[in-house]
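Protein chains in written order, with this note's numbering: chain Y, 95 to 478; chain E, 307 to 399.
Hints listed in this document are in silico derivations from the structure and should not be mistaken for laboratory results. One thing to keep in mind: the hints can contain errors.
25 Å max Cα-Cα, derived BS3-like pairs, lysine-lysine [what the hints assert, rightly or not]:
hint: 1; chain 1: Y; residue 1: 179; chain 2: Y; residue 2: 242
hint: 2; chain 1: Y; residue 1: 336; chain 2: E; residue 2: 332
hint: 3; chain 1: E; residue 1: 382; chain 2: Y; residue 2: 333
hint: 4; chain 1: E; residue 1: 386; chain 2: Y; residue 2: 335
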Amino acid sequence: MVEELSHQQILRYSRHLLMPEVGLQGQLKLKNSSVLVIGTGGLGSPVALYLAAAGIGRIGLVDYDTVDSSNLQRQVIHGTSTVGKLKVESARDRLTDLNPDIQIDIFNEPYTSENALRIAKDYDVIIDGTDNFPTRYLTNDVSVFLGKPNIYGSIFRFDGQVSVFYAKEGPCYRCLFPEPPPPGLVPSCAEGGVFGVLPGTIGTLQATEAIKILLGIGEPLIGRLLLYNALDMSFDFVKLKKNPNCRVCGPNADIKELIDYEEFCGVPGHHADDTSAGAGWDITPQEMQERLKLDPNLLLLDVREPHELEIVSIKGAKNIPLGEVAQRMSELDSAEEMVVFCKRGSRSARAIEILSSAGFKKMKNLKGGINAWAEEVDTSLPLY
Amino acid sequence: MTTLRIPTPLRAYTSGKGEVQVTGAKISEALTDLTNQFPAIKPHIFNEGGELRPFVNLFVGENNIKDLQGVDTPIKDGEKIMLIPSIAGGNYG
């Protein structure tokens, strides 16, 4: 236990010390607290920055990715100079610069059923800054089993949700969402896009809740869900109750230990390859280039949205957005060979599933999508 | 007339509308009106058996219909209905 602040720290935290709700005792509480941040992306960036600035004594960061240029539109903890570096190292360096007084623990590994309890057990509060259902259910269950608050934030395009799931005092994530949606029904941020400032708003709200809980002040979002829409600039609150049938925190809970979350959600999680249509369907950019040399009229079906064609397109390709494939397949000739593509290969894989169940056979899925084509064949095209 | 709030992920099926005006004295009637106006949204809310999908939550005012009378929950004048889906976004990877 640290029991006093240095002169330098008193100056650094003076705007906190001036407020009776925090004060010297509150600041010491923060200094003796620890928070685990799962993910150092859009949500984790503002969360970790504000927690470090507030003087949380120990912050754990979990991520296994490296910084990419396409992250910088929203992941403000990273910078141009750290593109290509490990995200946890890039984040640690930025946080140490912001506040050299605090301890940063880094975990350069995916958060899984094997390591999650070990990683999380020594922290007071867990922050969910993940972007996929398996890791969200895992984060929830770990928090329930360890009896720790789970500060939940989630985003999609212009919508955000925030709550504090703390099974000791209120509902957990599974009380609200007992099951994830079936795979493919909700597109990911990589496919659907995200308004860059949105995770800033949601992550900052998560950091607010974490700091309040550590200080023991105010009304935490336990039993309430905040719904934010950036386009409407609307904040709505709804009440959440504990679900008596909840499988992890209910009185008759039957899930007593961590499970296989990828199986539960029906989707591959970390390092997932959702860009393959399966054996026999895939074609590499080089193979497609060879095919086009033999048959320049080979039908190319682009299943991206019309506004994506403005970013980059392949000349001569026919555009039917994935959402319209089922209705417009009469425009296609099942006797004619075609290559289906999108940005990365996952929407085209779903288009192939749809067409295949309607009897189409002569199709290939461009592996890696137009981005792989731009990287490996036509380097005059931009990546996005 | 009641206002039904549509979240971004489902606006693709309501011609981009964030709010839809529906009629009905209870939730089931309001949802029938919604799916009549926008048939494409139906499979995203109901399963093949016609039941609400478990990951879709409907709130009347501040309360989850699961904590009230389910789809039989009555709608009072001026109460707003919100559809709340699970979203996973964020930027982990």
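Here's how the hints hold up against the structure:
no.: 1; hint: Y:179 <-> Y:242; in the structure: violated (31 Å)
no.: 2; hint: Y:336 <-> E:332; in the structure: holds (24 Å)
no.: 3; hint: E:382 <-> Y:333; in the structure: holds (18 Å)
no.: 4; hint: E:386 <-> Y:335; in the structure: holds (19 Å)
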